[in-house]
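The primary structure of each chain is shown beneath.
Number of protein chains: 2
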Amino acid sequence: MKRAAVVGIDLGGTNTLLGIVDQNGRLLSDVKLPTQSYPEIADFIAALYRHVRRMATALEVELRGVGVGAPCGNYYTGTIEFAPNLPWKGVLPLGDLLQAEFGLPVRVTNDANAAAEGEMRYGKAIGKKNFIEITLGTGLGAGIVIDGKVVYGADGFAGELGHVIVEKGGRPCGCGLRGCLETYVSATGVVKTFQEKSKDRGESDTVVKPSEVTARSIALAAEKGDELALEVMRYTGQILGEALASFVAFSAPEMIVLFGGLAKAGNLLLAPAKAHMDQNLLRLWKGKIDLVTSGLDEDQAAILGAAALAWRA
Amino acid sequence: MKRAAVVGIDLGGTNTLLGIVDQNGRLLSDVKLPTQSYPEIADFIAALYRHVRRMATALEVELRGVGVGAPCGNYYTGTIEFAPNLPWKGVLPLGDLLQAEFGLPVRVTNDANAAAEGEMRYGKAIGKKNFIEITLGTGLGAGIVIDGKVVYGADGFAGELGHVIVEKGGRPCGCGLRGCLETYVSATGVVKTFQEKSKDRGESDTVVKPSEVTARSIALAAEKGDELALEVMRYTGQILGEALASFVAFSAPEMIVLFGGLAKAGNLLLAPAKAHMDQNLLRLWKGKIDLVTSGLDEDQAAILGAAALAWRA
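Chains as they are written, first to last, in the numbering used here: chain A, 219 to 531; chain B, 219 to 531.
No lab work stands behind these hints, which were simulated from the structure alone.
Any given hint could turn out to be false.
No copy is singled out in the list; a pair is fine if it fits within one copy or between any two copies.
[Said to hold, decoys possible] EDC-like, lysine to aspartate or glutamate: derived pairs with alpha carbons at most 20 Å apart:
| hint | residue 1 | residue 2 |
| --- | --- | --- |
| 1 | Lys346 | Asp373 |
| 2 | Lys386 | Asp496 |
| 3 | Lys415 | Asp444 |
| 4 | Lys220 | Glu258 |
| 5 | Lys347 | Asp517 |
| 6 | Lys506 | Asp496 |
| 7 | Lys342 | Glu385 |
| 8 | Lys347 | Asp365 |
| 9 | Lys442 | Glu385 |
Please construct the entire structure, taking both the sequences and the accompanying hints into account.
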């Protein structure tokens, strides 16, 4: 009898990662497709299917399902809705298209929820029933787990914690609101904070070259002890920690997991975030909520999360 | 065969309301006990039992369970933990004590969660799977319903939305933090806002007599068109609406229900709250989240909620 496996798809604006994953979360085979090379969704689906068939045949596995993590992916409908960075516009019936091509059960969710699924099945949240996964990339996403299940809400879009307003009338956000959490706590937000603070203090105060200002270069400079970069990380951690305190008041999780590029800054971000979270928590929670970085490999996390979702299907 | 019924208990700092409720949510019989007259919890439990036995015998019902809504009630453990306004201190095994005395399944929760249970079974949220019940009394409580179940979180204390910080360094709260939502949006908060604003503008600007400043007198004055009182309601509604927007981003509910004294101010509070909630929501939710006042009779709501919980047991 063939081994059972599932397909995990990490659909991104630039690349789509496609993998075959076994029940233990091992990525048996994978391939990367340039998403923008498929202006027609039908061609994209056909390409996915060709690659999956080739890999599944070589591995001699029996496929049980398909999981997809995609920007603006809706769990209930299997659609992608108005994703600004994808080549296909409007409301896209991704789940139905994949199901028709693959003849397998398909589950679609957004990237952050996929990360939460992966963390629960393969990462730091194994055995945890109540936790929040915060993904820090260009923006800020969240997957909220309550009672062992990712929260989707009435319409499938729960967990938009990047758009909780933390500063009334604050920085303009791509969503049209102002002061959204992700305008401060994200790769973009960190760069913005650096630019604001270096204007106040003079650029000569820092080792970060203006031409190289990225969240990564700021984090590296902070690691080397650069004071301005450290101040940026502290400020970012403070805003994150204050927001986390209100999330704890909502769902009383036992753990909060930070995932993604910025999370790699580790204690430079984690320590101030933890301190400010605790300062703003009710006494009953102070010191009791674990704040940790993800246990998932960043390159594999989205595929593994999508695969975890497929195993549920 | 006897009719089935349950016991609903609304345990309050001043009075405890005790009722027998049938499956259709009819309160068949009830009684009020002065909570503070029982310095010993054992006497209190015995008194509850005596009254319930008397009522059940007269009604000829068969009791199936007991539900309790109590301040600081913990659903998981059945305990009341450090409730500041009750005569019994520390961690109180209320569920166990009742179970031993009544010989029936017992469920304990806090007042706001009981209200959410009641709203879901007998009020405006019948058939709703995702909604948030906000109770506006001396403080602000919340019962969050996701996928048809009240959220309790890892420790039983989820939904402490009164202690989400909405104003950094703002008004001091009884909990030790500053700027908590309930220091603005609650009976106490409205009075405080009135006092602040009347100091700025001079008391002669309003019909509310300084000796009569209560949330109720302010709401009544607002209804009569008093400008300062209207401004207080608008300000309260704004802070509430902004907070509601972030709650929507968290759990994507289809409805938010306001319950309690302040909610009776109706549109004076609801209209600005709705406007500011919509202003601060992502486009996908604007205009789509119902904001309504409770469908439960205020005097019966807590008993009915506790009874709804008992039916689940």
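Evaluated hints:
In the homo-oligomer, the alpha carbons of Lys346 and Asp373 lie at most 20 Å apart only across protomers (12 Å), although the nearest pairing inside one protomer, at 25 Å, exceeds that limit. Within a single copy, Lys386 and Asp496 get their C-alpha atoms only as close as 22 Å, which misses the 20 Å cut-off; across copies the closest is 14 Å, which meets it. In this assembly of identical chains, the alpha carbons of Lys415 and Asp444 lie at most 20 Å apart only when taken from the same copy (13 Å versus 46 Å across copies). Taking the shortest alpha-carbon separations for Lys220 and Glu258, neither the intra-copy value of 34 Å nor the inter-copy value of 67 Å comes in at or below 20 Å.
In this assembly of identical chains, Lys347 and Asp517 lie within 20 Å of each other by CA distance neither inside one copy nor across copies; the values are 25 Å within and 36 Å between. For the homomeric pair Lys506 and Asp496, the shortest alpha-carbon distance inside one copy (9 Å) is at most 20 Å, but the shortest distance between copies (34 Å) is not. In the homo-oligomer, the alpha carbons of Lys342 and Glu385 never lie at most 20 Å apart, since the shortest distance is 31 Å inside one protomer and 33 Å across protomers. Proximity of Lys347 to Asp365 under the C-alpha cut-off of 20 Å is found in both arrangements, the shortest distances being 5 Å within a copy and 15 Å between copies.
Proximity of Lys442 to Glu385 under the C-alpha cut-off of 20 Å is found in neither arrangement, the shortest distances being 30 Å within a copy and 35 Å between copies.
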